[in-house]
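Asker: If you want the building blocks of each chain, they are given just below.
There are 2 protein chains.
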Amino acid sequence: MAITWENLDKLSSYKKLQSLKNAVSVKKELSDANAAERVKKYSVPMGAGLTYNYAAKQVDDKVLAVLKELAAEAQLTEKFAATYNGEVINTGEKRMVLHHLCRGQLGNNVMADGANKRDFYINEQKRIADFAEKVHSGAIVNAKGEKFTTVVQIGIGGSDLGPRAMYLALENWAKATGTFKMEAKFISNVDPDDATAVLKSTDLAHSIFILVSKSGTTLETLTNESFVKDALKKAGLEPSKHMIAVTSETSPLAHNPDYLEAFYMDDYIGGRYSSTSGVGGAVLSLAFGAKVFDDFLKGAAEEDKLATNEDILKNPALLDALIGIYERNVQNYPATAVLPYSQALSRFPAHLQQLDMESNGKSVNRFGDAIDYVTGPVIFGEPGTNGQHSFYQLLHQGTDIIPLQFIAFKENQAGNDVVIEDSTSQTKLGANVTAQIMAFACGKADSDPNKSFAGERPSSLIYAKQLTPSVLGALLAHFENKVMFQGFVWNINSFDQEGVQLGKKLAKTVLSGKADGALKAYTELLDL
Amino acid sequence: MAITWENLDKLSSYKKLQSLKNAVSVKKELSDANAAERVKKYSVPMGAGLTYNYAAKQVDDKVLAVLKELAAEAQLTEKFAATYNGEVINTGEKRMVLHHLCRGQLGNNVMADGANKRDFYINEQKRIADFAEKVHSGAIVNAKGEKFTTVVQIGIGGSDLGPRAMYLALENWAKATGTFKMEAKFISNVDPDDATAVLKSTDLAHSIFILVSKSGTTLETLTNESFVKDALKKAGLEPSKHMIAVTSETSPLAHNPDYLEAFYMDDYIGGRYSSTSGVGGAVLSLAFGAKVFDDFLKGAAEEDKLATNEDILKNPALLDALIGIYERNVQNYPATAVLPYSQALSRFPAHLQQLDMESNGKSVNRFGDAIDYVTGPVIFGEPGTNGQHSFYQLLHQGTDIIPLQFIAFKENQAGNDVVIEDSTSQTKLGANVTAQIMAFACGKADSDPNKSFAGERPSSLIYAKQLTPSVLGALLAHFENKVMFQGFVWNINSFDQEGVQLGKKLAKTVLSGKADGALKAYTELLDL
Numbered sequence: 001m002a003i004t005w006e007n008l009d010k011l012s013s014y015k016k017l018q019s020l021k022n023a024v025s026v027k028k029e030l031s032d033a034n035a036a037e038r039v040k041k042y043s044v045p046m047g048a049g050l051t052y053n054y055a056a057k058q059v060d061d062k063v064l065a066v067l068k069e070l071a072a073e074a075q076l077t078e079k080f081a082a083t084y085n086g087e088v089i090n091t092g093e094k095r096m097v098l099h100h101l102c103r104g105q106l107g108n109n110v111m112a113d114g115a116n117k118r119d120f121y122i123n124e125q126k127r128i129a130d131f132a133e134k135v136h137s138g139a140i141v142n143a144k145g146e147k148f149t150t151v152v153q154i155g156i157g158g159s160d161l162g163p164r165a166m167y168l169a170l171e172n173w174a175k176a177t178g179t180f181k182m183e184a185k186f187i188s189n190v191d192p193d194d195a196t197a198v199l200k201s202t203d204l205a206h207s208i209f210i211l212v213s214k215s216g217t218t219l220e221t222l223t224n225e226s227f228v229k230d231a232l233k234k235a236g237l238e239p240s241k242h243m244i245a246v247t248s249e250t251s252p253l254a255h256n257p258d259y260l261e262a263f264y265m266d267d268y269i270g271g272r273y274s275s276t277s278g279v280g281g282a283v284l285s286l287a288f289g290a291k292v293f294d295d296f297l298k299g300a301a302e303e304d305k306l307a308t309n310e311d312i313l314k315n316p317a318l319l320d321a322l323i324g325i326y327e328r329n330v331q332n333y334p335a336t337a338v339l340p341y342s343q344a345l346s347r348f349p350a351h352l353q354q355l356d357m358e359s360n361g362k363s364v365n366r367f368g369d370a371i372d373y374v375t376g377p378v379i380f381g382e383p384g385t386n387g388q389h390s391f392y393q394l395l396h397q398g399t400d401i402i403p404l405q406f407i408a409f410k411e412n413q414a415g416n417d418v419v420i421e422d423s424t425s426q427t428k429l430g431a432n433v434t435a436q437i438m439a440f441a442c443g444k445a446d447s448d449p450n451k452s453f454a455g456e457r458p459s460s461l462i463y464a465k466q467l468t469p470s471v472l473g474a475l476l477a478h479f480e481n482k483v484m485f486q487g488f489v490w491n492i493n494s495f496d497q498e499g500v501q502l503g504k505k506l507a508k509t510v511l512s513g514k515a516d517g518a519l520k521a522y523t524e525l526l527d528l
Numbered sequence: 001m002a003i004t005w006e007n008l009d010k011l012s013s014y015k016k017l018q019s020l021k022n023a024v025s026v027k028k029e030l031s032d033a034n035a036a037e038r039v040k041k042y043s044v045p046m047g048a049g050l051t052y053n054y055a056a057k058q059v060d061d062k063v064l065a066v067l068k069e070l071a072a073e074a075q076l077t078e079k080f081a082a083t084y085n086g087e088v089i090n091t092g093e094k095r096m097v098l099h100h101l102c103r104g105q106l107g108n109n110v111m112a113d114g115a116n117k118r119d120f121y122i123n124e125q126k127r128i129a130d131f132a133e134k135v136h137s138g139a140i141v142n143a144k145g146e147k148f149t150t151v152v153q154i155g156i157g158g159s160d161l162g163p164r165a166m167y168l169a170l171e172n173w174a175k176a177t178g179t180f181k182m183e184a185k186f187i188s189n190v191d192p193d194d195a196t197a198v199l200k201s202t203d204l205a206h207s208i209f210i211l212v213s214k215s216g217t218t219l220e221t222l223t224n225e226s227f228v229k230d231a232l233k234k235a236g237l238e239p240s241k242h243m244i245a246v247t248s249e250t251s252p253l254a255h256n257p258d259y260l261e262a263f264y265m266d267d268y269i270g271g272r273y274s275s276t277s278g279v280g281g282a283v284l285s286l287a288f289g290a291k292v293f294d295d296f297l298k299g300a301a302e303e304d305k306l307a308t309n310e311d312i313l314k315n316p317a318l319l320d321a322l323i324g325i326y327e328r329n330v331q332n333y334p335a336t337a338v339l340p341y342s343q344a345l346s347r348f349p350a351h352l353q354q355l356d357m358e359s360n361g362k363s364v365n366r367f368g369d370a371i372d373y374v375t376g377p378v379i380f381g382e383p384g385t386n387g388q389h390s391f392y393q394l395l396h397q398g399t400d401i402i403p404l405q406f407i408a409f410k411e412n413q414a415g416n417d418v419v420i421e422d423s424t425s426q427t428k429l430g431a432n433v434t435a436q437i438m439a440f441a442c443g444k445a446d447s448d449p450n451k452s453f454a455g456e457r458p459s460s461l462i463y464a465k466q467l468t469p470s471v472l473g474a475l476l477a478h479f480e481n482k483v484m485f486q487g488f489v490w491n492i493n494s495f496d497q498e499g500v501q502l503g504k505k506l507a508k509t510v511l512s513g514k515a516d517g518a519l520k521a522y523t524e525l526l527d528l
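Top line first, the protein sequences correspond to chains A and B. The letter at position 96 of the first sequence is residue 96 when you use full-length UniProt numbering, and the numbering goes up by one with no holes. The letter at position 148 of the second sequence is residue 148 when you use full-length UniProt numbering, and the numbering goes up by one with no holes.
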């Protein structure tokens, strides 16, 4: 059947969904005699051994049936297939959306720019793996013939948050499993104090710097490159022997003798979807070895494959997306909190904040027409149990309901633990996750209203045995695909970001000295 | 006049305020011929040389006049005076709220527990200063007679986020100004991987560990203490020679030979308000010296003094609070983003998230009665310019309006910069702040709706010459007082956190093996 792109409020299943507002009480469902059954039943396998459990979400078989209709009517898996088969899904910039081809064998061959794009991405991965192997083995060394020990990524936004979050997620796992190769650091902000602090704590002579910019023109990144080059020169080092680039083949950084090596990406992979491309590949392969990055891709590929399933009960990303639509457009919840019970995922919420809010923070549909319903929510979060001692107060007893996304693992990464009051820290961590899910869902009445909990706060739980490279890949791909499916439901283009342009343009006006009116008055406040 | 505590919707000025919904177009105000005048006029000095500018907020003289009425009718400065003069403002826990006494000479002497509380706090500061001086001078050393070089804070929530954010805010300033004494690290999460990673990278023999827990019973903190003690013993070190405590005098950690020294706080200072008490004082004085901590307190004291002013146009915390009430309760905005254009403030938004959401995420008034209006918003944020390449897309073009709080400085901390395309990075940073304020307020029409910006996104700008200890103190106190004033307006108790109790209780149920029903089913998913 041909694909049609309709606004959400034109779909008959959406009207049906609207009639199901507040249809399900999670308090009732999870206090019920059959509650344990529900917890077991409302569960879908994800890739790489992860599981998505939605027993504490405000759905029942009736709501799920309508979500299934919505998935079919909006042709969500067909639209995913169109994406990985190379249709021009990014209508704003008139580009294909091909990040899935970095990590698997879904769909047809996609030809562009005179090449098979899957082959192109895989070839770049091989080149990166080869380069990383040479750095680790000492075939590529510094001017004194010494091995490199540190890698510093220079990038911002998609070239920073995803790779940084992934590095932190695997750093302690790699150290515990003996796969740790090189420490990674990151420079992103145009604030000169960012580069200064990182460079001050870095052994320059033994560092490789990765300059990441698709266009090769990102102001922050070029500015920070200059910082790095200055520092290298002051240390008597030759920058071109310490710097590599990840960029597009048409950028000024490509085929440029100023860089020891360059790896290529293209316009079909957006920054926030680039962790599985060379943008994540170079730094993660250098830090942990190419095998770890390959396992990460395999986990993502497993999740991608599940995302092709038309049955929403066997497609966790699709189901998560649809439940999110119900929460946003029917229940009218304005925000979602991401709560990983794992210190290793400390920056994962910041990456999802970018992925989700930059993709789906839109007010026009994919054809540029205004839409009459809300799109992407605010995304925020911090690791548990830290968050419990911080913003959870509002989540439990505030006046707005905020849906929650818990993430948990049975085992920690470092394998080091301590028993206090008859339980390990890891057991305490897990006990807190389960306790929070139930507290949010069921609440508790108390004669003191200040100690009463209304409950009815919906949450889902994603869990696995341990946070490994393949699990991380599946986790990342789950959210990438969830965000994509939600964009399809809202009939928006999740793959451009025109909202960032106006600020850039006005900043140039300021820097060129041409500001006037209120803008000039503001620049005077800051003595610009 | 006697103080009365009324719900917001009982106030006549609030009804007036409701009639002013959408009364002001910031697009119009900042595009107007007199816009530059507005930018200059809508500005209030804060403490320590900071300025609060609200020219891009949705207010005009008419709205401000009603906010002034609201401040008077709700007796906001009278309630602040009652607070620092020792009334039982924390009605839930029946406690006074005395963090202001840590940092200045506001109000009367407050007697409690047989002591003058101001003297008590100041005496603890002196004891901390003396201890830090001895550590720095080498009068207090490790078993081998060597100086301590590192300080590690063990705490969670209020004992972690504030002190951590303050340390990061001043670390590079201290390094640049020669006041840096010791590196600080932090262990917080019950996830065992947190303590493992920090301890692995720490030179134990030269480290002092600060155990911070008011009650001395915080599960995460005691668990992490055990981690630290194990590590010290394994390294052949005597824990009691490496550990100090910050706690209440009635806790098991007080007057305990297991600690080299103990510093005291009390129940009148809540965790999230404790950065200016010994909770922040010990780690910051050890890291930077007592003089730096004293300057930090002086900045906070300056801001506290301004917060006593009845004139809302001369009281920046009060004005910020009132504008926030207008945005939350009249304009119905669900969230606020905090956007510091300073890498040093990387964790400041996380601290404000705790401060605000834990204080004002409440659904009952200070007497325990249900209220019929919304209270605290979701707070989130990341430093600029990083955020511009991440979630700003939604802020500019999403379907919800999110008010913004920008923070900026004229000068960086490290004094290191680079000129690219005729401007320094610091100038680029500032240019971006001003550009964003104008882009959010005024938007831009475009024939392509996907490139159109509706504008009307309100923001304020807090700025100073440089982020120094006194500026940081004033910045922190500004937000503490803002949150307090908003709590007064909503007639809620901003100083308890009953919402964190139920989860704790259920976690204990799990750990004792007594879970049943859905809770048991969840524990089985995680093999607990």
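Source of the hints: derived by calculation from the structure; they are not laboratory data. Just so we're clear, the structure is a prediction, and the values are computed from it rather than from any experiment. Treat the hints with care, since some could be wrong.
[Stated by the list, open to error] Dumping the calculated DSS-like pairs for lysine-lysine here, alpha-carbon to alpha-carbon at most 30 Å: (1) Lys504(B) - Lys410(A); (2) Lys175(A) - Lys185(B); (3) Lys508(A) - Lys27(B); (4) Lys504(A) - Lys28(B); (5) Lys28(B) - Lys134(A); (6) Lys175(B) - Lys229(A); (7) Lys410(B) - Lys229(A); (8) Lys451(A) - Lys514(B); (9) Lys451(A) - Lys410(B); (10) Lys79(A) - Lys451(B); (11) Lys181(A) - Lys185(B); (12) Lys200(B) - Lys504(A); (13) Lys444(B) - Lys508(A); (14) Lys444(A) - Lys10(B); (15) Lys514(B) - Lys508(A); (16) Lys41(B) - Lys175(A); (17) Lys40(A) - Lys410(B); (18) Lys10(B) - Lys410(A); (19) Lys181(A) - Lys10(B); (20) Lys27(B) - Lys451(A); (21) Lys410(B) - Lys505(A).
Asker: Does each hint fit the structure? Answer for all of them.
Answerer: Against the structure, the hints come out as follows:
Restraint check for Lys504(B) and Lys410(A): satisfied, since their Cα atoms lie roughly 19 Å apart, inside the 30 Å limit. For the hint pairing Lys175(A) with Lys185(B), the CA-to-CA distance comes to about 20 Å; that is within 30 Å, so the pair holds. About 20 Å separates the Cα atoms of Lys508(A) and Lys27(B), which keeps this hinted pair within 30 Å; it holds. Restraint check for Lys504(A) and Lys28(B): the C-alpha separation of about 22 Å stays at or below 30 Å, so the hint holds.
Proximity of Lys28(B) to Lys134(A) is assessed by CA-CA distance (about 60 Å); at most 30 Å being required, the pair is judged violated. A distance of roughly 22 Å separates the Cα atoms of Lys175(B) and Lys229(A); the hinted pair therefore holds under the 30 Å criterion. Distance hint between Lys410(B) and Lys229(A) is fulfilled; the C-alpha atoms sit about 25 Å from each other, no more than 30 Å. At most 30 Å may separate the alpha-carbon atoms for a hinted pair to count; Lys451(A) and Lys514(B) meet this at roughly 22 Å.
With a C-alpha separation of about 46 Å, the suggested pairing of Lys451(A) with Lys410(B) is violated against the 30 Å cut-off. Restraint check: the Cα-Cα separation between Lys79(A) and Lys451(B) comes to about 24 Å, which is no more than 30 Å; the hinted pair holds. At most 30 Å may separate the alpha-carbon atoms for a hinted pair to count; Lys181(A) and Lys185(B) meet this at roughly 24 Å. A C-alpha spacing of about 42 Å is found between Lys200(B) and Lys504(A), which places the hinted pair above 30 Å, so the restraint is violated.
Distance check on the hinted pair: Lys444(B) and Lys508(A) sit about 16 Å apart at the alpha-carbon level, within 30 Å; holds. Only pairs whose Cα atoms come within 30 Å are accepted, and Lys444(A) paired with Lys10(B) is accepted, the gap being roughly 29 Å. Restraint check for Lys514(B) and Lys508(A): the C-alpha separation of about 63 Å exceeds 30 Å, so the hint is violated. Simply put, Lys41(B) and Lys175(A) have alpha-carbon atoms about 56 Å apart, too far for the 30 Å limit, and the pair is violated.
For the proposed pair Lys40(A) and Lys410(B), the alpha carbon gap of about 57 Å is over 30 Å, so the pair is violated. At most 30 Å may separate the alpha-carbon atoms for a hinted pair to count; Lys10(B) and Lys410(A) exceed this at roughly 51 Å. For the hint pairing Lys181(A) with Lys10(B), the CA-to-CA distance comes to about 64 Å; that exceeds 30 Å, so the pair is violated. Only pairs whose Cα atoms come within 30 Å are accepted, and Lys27(B) paired with Lys451(A) is rejected, the gap being roughly 44 Å.
Annotation: proposed proximity of Lys410(B) to Lys505(A) holds, straight-line Cα distance about 21 Å (limit 30 Å).
In this structure, the hints that do not hold are numbers 5, 9, 12, 15, 16, 17, 18, 19, 20, in rising order.
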